[in-house]
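**Student:** All chains should be modelled from the sequences, with the hints used to inform the complete structure.
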Amino acid sequence: MIKRNQQVLLARINKMKQATDVEEYQKYNGFSGLLKAIDMDKETILDELDLAQLRGRGGAAFPLGKKWRHLYGAKGETKYIVCNADEGEPGTFKDKALLEHDPLSVIEGMVIAGYLFSAKAGYIYMRGEYRRIQKVFQEALDNAEKAGFLGENILGIKGFNYKITIISGAGAYVCGENSALLNSIEGKTGRPRVKPPHLADVGLYLQPTLVNNVESFAGIPVILREGGQAFLDLGTKDGGGTKLICLSGHIKNRGLYEVNLGTPLQEILYSEEYGGGSSTGHPLKFIHFGGQSGPIGAVQNLDACIYSYKGLWDKDLSVGSGAIVVMDDQVSVVDYLVQVAAFFAHESCGKCTPCRLGTTRILELLKKFNTQTAVTGDLERLEKMLMHVTNLSACGLGQSVANPMKSGLAYFPEEFEAGIRETAVSVKGGLW
Numbered sequence: 012m013i014k015r016n017q018q019v020l021l022a023r024i025n026k027m028k029q030a031t032d033v034e035e036y037q038k039y040n041g042f043s044g045l046l047k048a049i050d051m052d053k054e055t056i057l058d059e060l061d062l063a064q065l066r067g068r069g070g071a072a073f074p075l076g077k078k079w080r081h082l083y084g085a086k087g088e089t090k091y092i093v094c095n096a097d098e099g100e101p102g103t104f105k106d107k108a109l110l111e112h113d114p115l116s117v118i119e120g121m122v123i124a125g126y127l128f129s130a131k132a133g134y135i136y137m138r139g140e141y142r143r144i145q146k147v148f149q150e151a152l153d154n155a156e157k158a159g160f161l162g163e164n165i166l167g168i169k170g171f172n173y174k175i176t177i178i179s180g181a182g183a184y185v186c187g188e189n190s191a192l193l194n195s196i197e198g199k200t201g202r203p204r205v206k207p208p209h210l211a212d213v214g215l216y217l218q219p220t221l222v223n224n225v226e227s228f229a230g231i232p233v234i235l236r237e238g239g240q241a242f243l244d245l246g247t248k249d250g251g252g253t254k255l256i257c258l259s260g261h262i263k264n265r266g267l268y269e270v271n272l273g274t275p276l277q278e279i280l281y282s283e284e285y286g287g288g289s290s291t292g293h294p295l296k297f298i299h300f301g302g303q304s305g306p307i308g309a310v311q312n313l314d315a316c317i318y319s320y321k322g323l324w325d326k327d328l329s330v331g332s333g334a335i336v337v338m339d340d341q342v343s344v345v346d347y348l349v350q351v352a353a354f355f356a357h358e359s360c361g362k363c364t365p366c367r368l369g370t371t372r373i374l375e376l377l378k379k380f381n382t383q384t385a386v387t388g389d390l391e392r393l394e395k396m397l398m399h400v401t402n403l404s405a406c407g408l409g410q411s412v413a414n415p416m417k418s419g420l421a422y423f424p425e426e427f428e429a430g431i432r433e434t435a436v437s438v439k440g441g442l443w
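Quick note: to get this note's numbering, add 11 to the position in the sequence shown (first position is 1).
Worth flagging that the hints you see were computed from the coordinates, not collected in a lab. Mixed in with the good hints there might be a few duds.
Claimed, not checked - Derived lysine to any residue pairs resembling SDA-like cross-links, with alpha carbons at most 20 Å apart: (1) K248 <-> L62; (2) K131 <-> L46; (3) K248 <-> I13; (4) K378 <-> K362; (5) K53 <-> T176; (6) K248 <-> K326; (7) K362 <-> G407; (8) K169 <-> G159; (9) K38 <-> D61; (10) K206 <-> A85; (11) K157 <-> Q145; (12) K47 <-> T176; (13) K131 <-> T176; (14) K378 <-> A356; (15) K107 <-> K157.
**Tutor:** Next up, the structure:
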């Protein structure tokens, strides 16, 4: 029986001598979740997932049980399973660890999905920069097929035929958006689709499709092996389980950690078990949560913050991908946001005008504040530009650009105001 403060996702990492060895994987409870699943009624599997309250670990935090139940009820003879392994969020490296050091757990989660939805084909869309890891994962797939956990008549079940194919991305951040990812798998330009229809109804090759993140799939075997209630008890009522977090920046113990949802943020930042405090000797100033698309929080306002979905939402923050980028008080928030804006401007796919041009204009405005060349009205221009890009962009890339900008402006307005020239040039004809 699993207990709180016990690793479940990283339990095998650094213990297995060969991460792709099926026999060794089974010594550490490998494939026991799948073996339980095939003896369960499919509705019971869905009930366990609902009870577990596993929220999507890719960033959107949508309840996985609801997503799987939606696909289960979707009409269509052919259904596809897709794993989003396009880990492009700066400051995030959790999926890399699972893909490289525990690939069979991800495969097991995908096979359980294949069994539940009677799917014949699964795809894992892997970040193009992970060339070496793709070879590791392919070796794990080959070994799983030799052992009878993939291929034809899996585990002796007649008609349970399922294969997983690796699709290599080309380094486009926007392909982390699920519909853009599916377009890329189909050989099209990796740009987002208009929604609705929902991907669970009209997804890959216009068929009902499940898309989940690497960490989400790795959690499925744990739920079925230990039970939905046991998984829920590892976290909080609003989100069960543990979460892989990536600590980076001005933090002493940078690296990957598995924490229970509900852990105090101060413990994550300052305890020697996790972050260990500032690496520079200077006080910590702000934290960027969940990757570049997440909001920024001022450390001084986070004393009583709990690292959980609701705990962060209550502070207008988010778990996101699990990235926690920490900056000390020597860093200008405007300078930091210039780098964030440059990332979005570079990664915009260009499909929609608000994002294509808006991200560039946001970057230009932030550079003015950073070089003390902003004029009266530029602050209002920036706020309006952020609003327009958020409301009018076609996908999550443009819609999330404002998250770090608005939160940085809310917590550190004086740093923006310091970038406005005292002898400002008047702007005729209004702000636009």
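**Student:** All hints are to be evaluated individually against the structure, with a verdict given for each.
**Tutor:** Structure-based check of each hint:
1. K248 <-> L62: Status holds; Cα separation ~10 Å.
2. K131 <-> L46: With a Cα-Cα distance of about 18 Å, the restraint between K131 and L46 holds, given a limit of 20 Å.
3. K248 <-> I13: holds (17 Å)
4. K378 <-> K362: violated (25 Å)
5. K53 <-> T176: violated (25 Å)
6. K248 <-> K326: Holds, because 18 Å separates the two Cα atoms, which is no more than 20 Å.
7. K362 <-> G407: Holds, at roughly 13 Å.
8. K169 <-> G159: holds (12 Å)
9. K38 <-> D61: violated (28 Å)
10. K206 <-> A85: Holds, because 16 Å separates the two Cα atoms, which is no more than 20 Å.
11. K157 <-> Q145: holds (18 Å)
12. K47 <-> T176: The given pair, whose Cα atoms are some 25 Å apart, is violated under the 20 Å limit.
13. K131 <-> T176: It holds: about 11 Å lies between the C-alpha atoms, which stays within 20 Å.
14. K378 <-> A356: holds (13 Å)
15. K107 <-> K157: violated (24 Å)
Hint compliance for this structure: hints 4, 5, 9, 12 and 15 are broken, all remaining hints hold.
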